[in-house]
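Visitor: Here is what each chain is made of, one letter per residue.
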Amino acid sequence: MNNWEFVIAGYLGAAVGIGSYAVWVIRRGRRLTQKVPVERRRFLD
Amino acid sequence: MLSDAWRIAVKDLTIELRTRLLLAQVAPFSLIVLILFGFAVSPDLLVESEAARSLITQVAPGLFWVTILFVCLFTINRSFSIEARNGAMTSLKLSAVDASAIYLGKVLAAVFQLFVLQVFLGTVAFALYRLPLADFGMLFVTAIAASVALAAIGVLYGAVSFGSQTPETLNALLLLPAVSPVMLAATRSSEIATFGENSVAWGWALLLIGMAAFYISVGVLMFESLLEDS
Amino acid sequence: MKSAEITSTKSKTTTVIGYLVVAMLPIYLAFGLAVAEPHSEQGESVRLLFVHVPSVLVTYSAFLVVLFSSAMYLRKKTPYWDLLAGASAEVGVVFCAVLLFSGAVWGRPTWGTYWEWDPRMTSTAVMFISYLGYLAVRRMDLNPTVRSRRAAVLGILSFVNVIVVHYSIDWWRSLHQGRTFDQGNVQIEGWYLFSFSLGLAVFTLSGLWLLIHRFRTLYLERQLDLVDLDSAIAERKSEAKTKVSP
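Same order as they appear, the protein sequences are chains A, B and C. By the count of the numbering used here, the first sequence reaches residue 45 at its end, each step adding exactly one. By the count of the numbering used here, the second sequence reaches residue 275 at its end, each step adding exactly one. By the count of the numbering used here, the third sequence reaches residue 521 at its end, each step adding exactly one.
The shape of chain A in the complex, shown without the other chains:
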């Protein structure tokens, strides 16, 4: 049995889904950090 097209679609779909969400989160984080005053930019490490 050879079902590579489904395997590739599954892996690609997962990568695109998670990847684009990650990019969105990071870019949103960068944009928001610029807006927030310096003294409020504290993260709980």
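Please keep in mind that the hints were generated in silico from the structure rather than gathered at the bench. A portion of the hints provided could be inaccurate.
Claimed, not checked - Sample of chain C residues facing chain B (criterion: CB under 10 Å; computed from the structure): (1) Leu-342; (2) Asn-418; (3) Ser-433.
Beta carbons are placed, not taken as given, at the ideal position from N, Cα and C, and that holds for glycine.
Fit chains B and C to the known structure of chain A by using the hints.
Guide: For chains B and C alone, kept in the frame of chain A given last:
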């Protein structure tokens, strides 16, 4: 607490009797939905083909309960929209009535309205979809238990979206997934009650009663957190 | 790190997690796509399970975090629990989409259909939509405290869906594979077990990475709201001063 709940239920039902929203708008709406399902199968086929007739008879319990879900949605929206105007909710909270009494009262009123509409719609569905009736007792228990479960979940979720700018659509999005197990159990149970294939007999009806009890207790416990407004 | 140096939501922790994921990703792909042998019955499509099963576990864990932090928010009323619940629900929804998609493309070659009305698949779709509803409640236009409390109640209620998904398989006999680790057609051993563990590590770490970053963006959004509130109050105060003077 129970007498407070009773008073709130009577208040909701009085408002309904005076405005007749469910009777004058929701009941005819549910009727057209049942008729539209016939159009979806095609009226021509329903006249000519025995297969089409038996198809719609077979899926009738499911169609009926989908329609009841829409009715439930309208009932719940109504139950909270009457509290949204003139700060009615605030005065309700200021009246020193327990949150759980408010919850039980609203559930009680919704149960009554849902049950009345189920009786009306059920009678029509039996005629429209040519249904047999194997076990009236089970059908009755199913209708009561499903009404309680739908109202218990509905009032709980209705309070979550209360005060939002678009409570109707938000409520639809929240409520329909939440009541889907109730719809499943009610459909199976009324299939058994109408067609009499008793593979698990009362199992689904008991499951419905269990769900109703579960959500009533959750609602009594959590309603207070939903009502606080600061 | 000094506040002034912060220009993004990254920190030492997330950098380490990020590098770990980047380092493990090629090994995971190599084992999942090449080293692990095709299955005797499922053929190559068994490789999709190395995506599907880890995404299931991350989805479950994310929704478990929503349950826990919602309960904690109702107890402690600290905004951080609310932010954690929100971040975790969003990550859970993303992984739940991946799980539904990978399940569908796995089902097509294995069962011959993308969608089977199997109790577990159907209840998973219902769970997905109910958490979308949870996220919609978090965007409701209401007093933030009230909204957080409503969201917390809903975050607890929504967990019923996860329980239904998990036990649907025992409650209804169906054609879906049993729980992978105790039954089912695919025996998890040898390279399969290794690829699974790698997948699990990659998915869990990416989920954690996303969770931390998303938590911080929500934290920033909150800070921004507080800044707006502060300036609004200051404006009112100066307004009052000018108006009161006769």
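Visitor: Work down the list of hints and note, for each, if the structure agrees.
Guide: Hint check results:
1. Leu-342: Leu-342 of chain C check fails; min Cβ-Cβ to chain B is 13 Å, beyond 10 Å.
2. Asn-418: 7 Å, holds
3. Ser-433: Check passed: Cβ of Ser-433 of chain C comes within 8 Å of chain B, closer than 10 Å.
Of the numbered hints stated above, the single one contradicted by the structure is hint 1.
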